[in-house]
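Line order of the protein sequences matches chains V and B. Going by our numbering, 765 is the number at position 103 of the first sequence; the sequence numbering is gapless. Going by our numbering, 282 is the number at position 85 of the second sequence; the sequence numbering is gapless.
Among these hints, one or two may not hold up.
[Said to hold, decoys possible] Partner residues are not named here, just some residues of chain V that face chain B (Cβ under 10 Å, in silico): (1) G705; (2) E770; (3) I783; (4) V793; (5) S872; (6) C884; (7) L886; (8) I889; (9) F905; (10) L910; (11) Y917; (12) T957; (13) I961.
No wet-lab data here; the hints were simulated from the structure. Even glycine gets a Cβ: it sits at the ideal position worked out from N, Cα and C.
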Amino acid sequence: MTSRMTHYLKGIGEDLRRDWQLYLLALPMIVWFLLFLYKPMEGLQIAFKDFSPFRGIAGSPWVGLENFRTLLEDQIFIRAFINTITISGLGLIFAFPVPIILALMFNELQNEFGRRFSQTIVYLPHFISVVIVAGIVINLLSPTTGVINLILSSLGFEPVYFLTQPEWFRSVFIGSNIWKEAGFESIVYLAAIAGVSPTLYESARVDGASRWQMIWRITLPCILPTIIIMLIIRIGNLVEVGFEYIILLYQPATYSTADVVSTYVYRTGLQGTQYDLATAAGLFNAVIAFALVFTANRISRKVSSTSLW
Amino acid sequence: MAHFNLYSRGDWIFGYANAALIGIFVLSTLYPFIYILAVSVSSGAAVTSGQVILFPKDLTLAAYEFVLSDRLFWIAYGNTFIYTFGGTAVSLAIMIPGAYALSRSRLRGRKFLNLMVAFTLWFNAGMIPFFLNMRDLGLLDSRFGLIIGFACNAFNVILLRNFFEAVPKSFEEAAKMDGASEFQLLWKVFIPLSKPAIITVGLFCIVSRWNSYFWAMVLLRGEEKIPLQLYLKRIIVDLSANDEFASSLMTSRYSFETVTAAIMIASIIPVLLIYPSIQKYFNKGITLGGVKE
């Protein structure tokens, strides 16, 4: 046993000596991952402690699941959790299909120039910052000078205060997200469509299939694995909504529909310095997210033999 | 098989309807940009009285003059250049050698290191622990902290690694024959051969650095260090709620709306300038990425 051990260690030593240059090249990146992504995990202890910045992580007393109990009794947190699921769920229904439909439409466009041009345009908003998108939304929806309300008032309607009324928040959020990301997300599906064998279409044509039928019977079934993978990723992200964008658009008047877990974490933790509670909320979310990806992946592997890993 | 009469009449109608729908989507993508541009070059009076919908009214550059004479605008613009190009340089300097080492199959511990990178795709400690860690490292309110704290991400590392793995063995063997060290091999063989992947990752870094505001807002204290997006956020979002300031901006020449529109346009222009090269590379980047594992 010990001789095998020393043999093994010697093997490592030899490898280290042979490949020291490679280890040296990898070193900065490994240190970076440890320092900025793994060392913070130590801070997850805070979720189980009564944390005080003055006593530090080690000096603060353990409280078990006390923080989680507080959270689950906090109406604001419960509301934030429900809002997170609602916004993601509505996004899944309304936003998820859009890039698929767009990709199918681009694929059916015969004019090469028109196709390139329109793709160039619809990819663009992906590269614009959420601050600008929020600025555009605020401008367009302004009750006094915004285009939407100018149109409404010219039709004889009262102006709508889209950004201060909770019932409008989800539509504004999901709608502007479609505007920003649907075009860019269609790239993945276009790549999948490009991989469909042309002989399938040729034989369908010989059989007299219409273009509509070819979409349903050939293109869609062929890109189904890609759709499923994107769906798994999306379901895994069900508890992660674009909070950096929400922070820009929401205000106390719309918290009842707009406040999500991440914005709750930001407010209680970074603005309110209740670090322990906020860390617990974040961990709660992260664990659910992790479980969701695993479950979605397992189900999909059983049902369709498509999976992420 | 002849190719005429390929499509029936139904197919032609389908084609036109499809083109029309894409046309609508393209126009609704473009419209907000055109609107903001029109607002930025219109007079404040025309905008506040609701006369600007598509074309500018009372053409004027007053809003731009106001913005360009704000000292903080230039400070923020300069900071963003530092964060964008400094940050991208640091990112590439750390990720390229790292991804190269991980791509070598004989590296002992490679499996473990790959898992260590990939795991962060699915799980991270979260906002508060990350913030407290930055504080413990003494990186609050520091330009360096903002640059180094976001230098790597698993997606980009995996993308680079996959590309390095695909480089044919023969190149490596030929260079090894000539007695090249790993450093020379990376510098003289792998980097030149992997230009598309490196440019793709570089562009990803540039775009995300240019557009980010959140951690700058959380980590920075002083006004002197803020990036452009945070400056924009403070004016567009924080002030639009504050009508007193908005009305103080109001003159007949410019208004709160035209000024914010001008700032937005000024910050979009650099993105538009590099957009053609992004276009060229991101298609490749996405197809060659194939992030698995």
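For each hint, the structure was consulted:
no.	hint	in the structure
1	G705	holds, 3 Å
2	E770	holds, 5 Å
3	I783	holds, 5 Å
4	V793	holds, 5 Å
5	S872	holds, 6 Å
6	C884	violated, 17 Å
7	L886	violated, 18 Å
8	I889	violated, 16 Å
9	F905	holds, 8 Å
10	L910	holds, 5 Å
11	Y917	violated, 14 Å
12	T957	violated, 13 Å
13	I961	violated, 17 Å
Checked against the numbered hints listed earlier, the structure breaks hints 6, 7, 8, 11, 12 and 13; every other hint is satisfied.
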